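Visitor: What follows is each chain in one-letter form.
Protein chains: 2
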Amino acid sequence: MFSLTPVLVAVVCILIVWVFKNAERSHEQRKAEPQTTARARPWVDEDLRDGTDLHQEEEDTDEWQESEENIDHIPLSHIRYSEQEMTRRSQEFYELLNQRRSVRFISDEQVPMEVIDNVIRAAGTAPSGAHTEPWTFVVVKDPDVKHKVREIIEEEEEINYRKRMGNRWVADLKKLRTNWIKEYLDSAPILILIFKQVHGFTASGKRKTHYYNEVSVSIACGFLLAALQNAGLVTVTTTPLNCGPRLRVLLDRPTNEKLLMLLPVGYPSKEATVPDLRRKPLDQIMVTV
Amino acid sequence: MFSLTPVLVAVVCILIVWVFKNAERSHEQRKAEPQTTARARPWVDEDLRDGTDLHQEEEDTDEWQESEENIDHIPLSHIRYSEQEMTRRSQEFYELLNQRRSVRFISDEQVPMEVIDNVIRAAGTAPSGAHTEPWTFVVVKDPDVKHKVREIIEEEEEINYRKRMGNRWVADLKKLRTNWIKEYLDSAPILILIFKQVHGFTASGKRKTHYYNEVSVSIACGFLLAALQNAGLVTVTTTPLNCGPRLRVLLDRPTNEKLLMLLPVGYPSKEATVPDLRRKPLDQIMVTV
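Here the protein sequences line up with chains A and B, keeping their order.
Taken in order, the first sequence gives residues 1 to 289; the numbers are from full-length UniProt numbering.
Taken in order, the second sequence gives residues 1 to 289; the numbers are from full-length UniProt numbering.
Calculated from the structure, these hints are not laboratory results.
Owing to the predicted nature of the structure, the values given are computational and were not obtained by experimental measurement.
Warning: the hint list may mix true and false statements.
List time: in silico DSS-like cross-link candidates among lysine-lysine, alpha-carbon distance up to 30 Å [claimed, not checked]:
id: 1; chain 1: A; residue 1: Lys-163; chain 2: B; residue 2: Lys-208
id: 2; chain 1: A; residue 1: Lys-141; chain 2: B; residue 2: Lys-280
id: 3; chain 1: B; residue 1: Lys-206; chain 2: A; residue 2: Lys-206
id: 4; chain 1: A; residue 1: Lys-280; chain 2: B; residue 2: Lys-208
id: 5; chain 1: A; residue 1: Lys-280; chain 2: B; residue 2: Lys-206
id: 6; chain 1: B; residue 1: Lys-163; chain 2: A; residue 2: Lys-206
id: 7; chain 1: B; residue 1: Lys-163; chain 2: A; residue 2: Lys-163
Cβ-Cβ distance ranges computed for the label pairs, FRET-style [what the hints assert, rightly or not]:
id: 8; chain 1: A; residue 1: Gln-110; chain 2: B; residue 2: Thr-273; range: 27 to 33 Å
id: 9; chain 1: B; residue 1: Val-249; chain 2: A; residue 2: Asp-108; range: 49 to 55 Å
id: 10; chain 1: B; residue 1: Glu-83; chain 2: A; residue 2: Gly-205; range: 42 to 48 Å
Think of the CB as a built atom: it goes at the ideal place given N, C-alpha and C, for glycine as much as any other residue.
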């Protein structure tokens with residue numbers, strides 16, 4: 001029995017060490033988990049990894065109603081058209097939007113700023129969760145700033161293609177080159193960078209949830225794209241990968257704003273071409289019950 | 001020393017039990033974590049918890065370019081307006097969209113189906129990540145199906161308000177009642193349920209990633225809202241909480257489709273009112289650099 005005691009003491013010591021090591025490791029694991037997840041998805045926009053807005057949409061009611069307390073309700077003013085007129089208007093509007101194409105060849109000719117003001121005014125009429133209007137439209141005209149935007153995007157794109165994407169992407173070199181060089185960022189007279197405000201601030205400086213901010217800002221971008229097409233301007237819908245934080249800093253936007261979209265805007269250049277695509281016919285996108 | 005041995009044995013036993021319990025618990029914790037997270041956010045739409053589409057957007061390139069290989073490129077056809085005409089058109093378009101309001105009082109008068117076809121055609125011209133066109137518009141005209149939609153939404157809403165939301169919501173009973181009863185789901189002649197296809201299928205039946213599907217479908221909803229306004233119809237943007245799975249089954253949509261939005265569509269009823277809201281002025285939403 002005497003000889004067992006040192007063995008027991010040794011066992012106790014080993015167990016104690018193991019317990020502590022185990023506890024430490026499990027603690028480290030827990031800390032490391034989000035990082036591991038991030039590391040496994042190198043192509044995720046890093047700006048989105050902070051998760052600030054991941055569950056912003058959770059706490060809303062289902063209707064996007066404005067904060068209606070203490071606000072008067074007034075009769076709706078509404079223009080009613082004849083059925084013939086409605087059919088004609090809806091047909092013409094479809095034809096207008098159906099002519100819209102994503103255009104990557106944009107001339108350096110200047111566009112009237114009054115038109116840019118109006119298309120952004122139009123975008124600002126979009127509905128938003130709880131009438132938060134969680135959007136900021138940054139209009140870049142300055143050639144130097146446009147060029148800096150281009151540099152940031154091309155730098156990050158190069159890293160995206162060379163490192164972040166892995167073999168799967170490197171295989172398709174032809175397509176890669178097309179994506180990497182973005183001449184339109186210099187040539188287009190206007191870049192519109194659309195930021196979503198993932199949260200706002202109350203009068204007392206507290207965080208104010210911006211319900212459904214990404215969906216709201218995307219709807220506003222829909223209004224903007226329709227307004228540009230209606231005005232005879234062209235653009236291409238882009239979502240620069242991993243460039244959000246640097247572009248946000250370049251443009252001096254606060255941290256509650258995240259880049260959602262970048263639209264280079266102008267007239268098409270004379271040699272502009274588009275892929276000869278078809279859109280799905282109505283019976284492939286609509287179901288009637 | 002003899003007397004210490006049983007104490008040591010007891011300590012060893014306790015330690016062994018503790019080590020095993022700890023290992024088990026940490027294992028359980030790891031398993032339980034996702035559930036715990038879900039439980040802590042009871043107001044999250046359950047349909048979104050399956051995470052099918054949480055990171056669909058990750059693997060895209062930044063441009064929403066169509067799959068351009070093997071597709072001919074053709075010259076862009078473009079209508080160029082005079083600057084005066086551009087300014088006039090952009091001003092009128094802004095004024096048209098600025099008259100849009102979210103309307104919750106919808107008359108039961110029928111609307112021309114040709115107009116509904118045209119507004120959905122217009123929505124289908126939206127840009128989408130890699131030209132995947134990841135949208136399905138379900139148009140519900142049948143009064144019985146509309147009523148079933150209403151039952152599902154009001155049932156889930158009642159649970160949302162009574163159980164899922166907690167005290168925070170229950171406090172605001174007045175607002176609650178407004179949200180819970182959705183008469184417009186019966187009265188509106190048309191409900192449009194917009195589903196996002198979180199993935200598609202290749203010709204060989206494999207999953208095909210639908211890049212940026214939620215942003216794409218939201219832009220299409222922007223086109224749809226603009227088209228409805230242009231045609232003289234009214235709606236309210238709703239995102240029924242937790243109703244996605246049941247509505248998907250009711251409408252016989254496949255599992256790769258998730259409900260994004262529901263729009264009741266019609267003419268406003270005679271007594272329709274709206275809150276007397278203001279929109280942010282241009283200088284609060286636009287920054288020029």
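Visitor: Can you give the numbers of the hints that this structure goes against, from lowest to highest?
Guide: 3, 7, 8
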